[in-house]
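Engineer: Sequence lines, in order, name chains A and B.
Residues in the first sequence are numbered from 1 upward in steps of one, following our numbering.
Residues in the second sequence are numbered from 463 upward in steps of one, following our numbering.
Keep in mind that the hints were calculated from the coordinates and are not lab data.
Don't be surprised by glycine CBs; every beta carbon is placed ideally from N, CA and C.
Please note that a few of the clues may not be correct.
[Stated by the list, open to error] Which residues of chain B face chain A? A few of them, derived with a C-beta cut under 8 Å, are:
1) LEU529
2) ASP549
3) ARG554
4) ARG558
5) PHE562
6) ALA591
7) ALA592
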Amino acid sequence: MRVSALARMVARDLVRTRGPLLTAGFGIAVGVAALVFFLALGLGARRVLLGDVFPIDQVELEPEKTSAGLLSLLGGRHDPPGVPPAAIAELEAQPGVREVYPKLKFRFPSMAKGGKEILGREIGTHEMVGDGIDPTLVAGDPGLAGFEDPMKTRGGACQRDEDCDPSDYCERPSGQHEGWCSRPVPALVSRYLVELFDHGVAPAHGFPPIAETMLKRAGGVTFWMTLGDSLLGKSHLGSVRYAKVRFIGVSPKAIDIGVTLPLEVVRRWNREYAGEAAASSYSSVVVKLSDPSVASRVIALGSRHGLVPTDTRARDVSVLISGVLALLLLVAAVILVVAALNIAHLFRVLVAERQPEIGLYRALGAAASDMRSWLLALALSVGAAAGAVGSLAAWLLARLADWRAAVDLPDFPFKPDSFFTFPWWLWLLGVGFAAGFAFIGALGPALRAARTDPAVALSRIP
Amino acid sequence: MNATANTPGADDVVIEAHGLSRVYGRGKAATRAVDGVALSVKAGEVVLIFGPSGCGKSTLLALLGGLDRDYTGTLRLFGQDTRRLGDAALSRLRGRRIGFVFQAFHLLPHLKVLDNVAAPSLFADALTAAEARRHALSLLDRVGLADRAAAHPTELSGGQRQRVAIARALFHDPRLLLCDEPTGNLDQRTGAQIIELFAKVHQDLGTTIVVVTHEDRLATLAHRKLFMTDGRVESDGEAP
Chain A
1 MRVSALARMV
11 ARDLVRTRGP
21 LLTAGFGIAV
31 GVAALVFFLA
41 LGLGARRVLL
51 GDVFPIDQVE
61 LEPEKTSAGL
71 LSLLGGRHDP
81 PGVPPAAIAE
91 LEAQPGVREV
101 YPKLKFRFPS
111 MAKGGKEILG
121 REIGTHEMVG
131 DGIDPTLVAG
141 DPGLAGFEDP
151 MKTRGGACQR
161 DEDCDPSDYC
171 ERPSGQHEGW
181 CSRPVPALVS
191 RYLVELFDHG
201 VAPAHGFPPI
211 AETMLKRAGG
221 VTFWMTLGDS
231 LLGKSHLGSV
241 RYAKVRFIGV
251 SPKAIDIGVT
261 LPLEVVRRWN
271 REYAGEAAAS
281 SYSSVVVKLS
291 DPSVASRVIA
301 LGSRHGLVPT
311 DTRARDVSVL
321 ISGVLALLLL
331 VAAVILVVAA
341 LNIAHLFRVL
351 VAERQPEIGL
361 YRALGAAASD
371 MRSWLLALAL
381 SVGAAAGAVG
391 SLAAWLLARL
401 ADWRAAVDLP
411 DFPFKPDSFF
421 TFPWWLWLLG
431 VGFAAGFAFI
441 GALGPALRAA
451 RTDPAVALSR
461 IP
Chain B
463 MNATANTPGA
473 DDVVIEAHGL
483 SRVYGRGKAA
493 TRAVDGVALS
503 VKAGEVVLIF
513 GPSGCGKSTL
523 LALLGGLDRD
533 YTGTLRLFGQ
543 DTRRLGDAAL
553 SRLRGRRIGF
563 VFQAFHLLPH
573 LKVLDNVAAP
583 SLFADALTAA
593 EARRHALSLL
603 DRVGLADRAA
613 AHPTELSGGQ
623 RQRVAIARAL
633 FHDPRLLLCD
643 EPTGNLDQRT
653 GAQIIELFAK
663 VHQDLGTTIV
673 VVTHEDRLAT
683 LAHRKLFMTD
693 GRVESDGEAP
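Turn these sequences into a full structure, and let the hints guide you.
Structural biologist: Spelled out as structure tokens, the structure:
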């Protein structure tokens, strides 16, 4: 039987049996709409929570904390263990690992003050935390050009900031008579911090949100860091001094709360205020994954080197999302199963009603397989159409939900423009699931139609 | 179809049956609807099968048309042993070489007359949809119903419906026409018109025609008349 002839038969049936087929298709459309809606919501939640809030495409490992830390604190000095170089090499060689970048955390007290350019007045923090990363890690990132150690292109010798250009400052390490004029140290912040400021700090102090402003004015926002001193005390080494720092942008590679500076800058400052050990050993290592499923293997490998994940929230959230999503998908699956049963019932009735017609077709030259194909093609058409309608309904519902959320929900950190994600394969999945369930529902009746005895069928008066 | 046409001798004998039996049910409840029928029908013959209701005429016709394969004995159609043919091959043979005309017409009420006549094209690869419709229209013209091509079967009289059914049966220019009580639902005058149409088809196309009936009106057409009783062919003789 030619495909064109099959299409003609199916088209005629779609017109002829439109009422019952519409009813059966409606059930499938509802099921698919629920399936696609929940899946899109789950994917959207994953995108926001695991992409922005708790990225799951990376694992940060740090040396396991021990009770020796408390003892050393009482003793007044503490040199925490670092990440072994062998661990970094092994992690880089792991399949599914995209890149590995070690971090060096601030091992000295510091404070910061600035922001007048965008906030109208200076703000500050009495306890500043931060880390350093290799500048090559953000070299290709848009808008982050200039993230490098400013001492590579240092200016002339200086003793005071006034000896340098007004935009620069004098980087004069503790105990040295002279330093070098330096451009402000470039700094990155995380989107998490920006969101926290915009939705937490800014409203409390009447500041405007800085997310957009800072991105637009990247390069012009500077602040002063106090090195070697903070609210909790002074450093044992070095002397208190100041460094000029400039925000250059927001990066997912930046520390969640604090600032991220070029690695060599932090290494120098750690050496100056905490000694050589604090400068030479990395405090943590971030492992970027091209395949999130290898996360557990990466964690296991880290544990062999005494490294533990700094944050397990991503995994916890992932499990939570998966659990909720599974429940919602179960609801959708139940709807689809009921719809498939409805299709099965409808096609059973159709086959029973059309026995003389099936007998006639067999007399006119139709093979048993033609009868099977006819009914299955009809079911697939109904299913695919219902799937397309259901998917479209889910998309419209999602748009409506996004619109209501934008209007009704208060602003909160990481509030997305859309709570849903509709990748291309979700549309295919919706149509495919619908067609599949309709196919399964019609399979029994179609096989029965193929088994119809034409002589018996024709003996029935149509 | 071509293979059949090329088979030596296939053109001479259209139907050849030996010890053909059909039993419904099992054990004590078994009913022998067709009981050891031996039959040979040559190309171009018109054979009438008479007999009272329930004697197995329609069952025999279904067997001869390859619609019922649950038989014992031997049946050869156009030289081919139907038992050796798979469902697809037998369906192809049926579609291309055998036309059926039923007492109840079996027209599809949701289709127009033209589409009813063209329905056999759905299961054959020979013609496009447009070609099939053109051919169907020419067949309707032959049975005098070209002007009703756009009507639905429910808008036609009984005689017109049977003429449409005959046009459909002739769609693939079959070598064998199997008719089951073709005038059974028609009045005297309309029945006579249908008989005339069969005569014309036979005269024009030389089609082999086997007609199951319990009426004698078709006797004028026949070369042979078979009488069946209780599933058996009691007599097989030339028509006067």
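Engineer: Which hint numbers doesn't this structure obey?
Structural biologist: Those not satisfied come down to hint 7.
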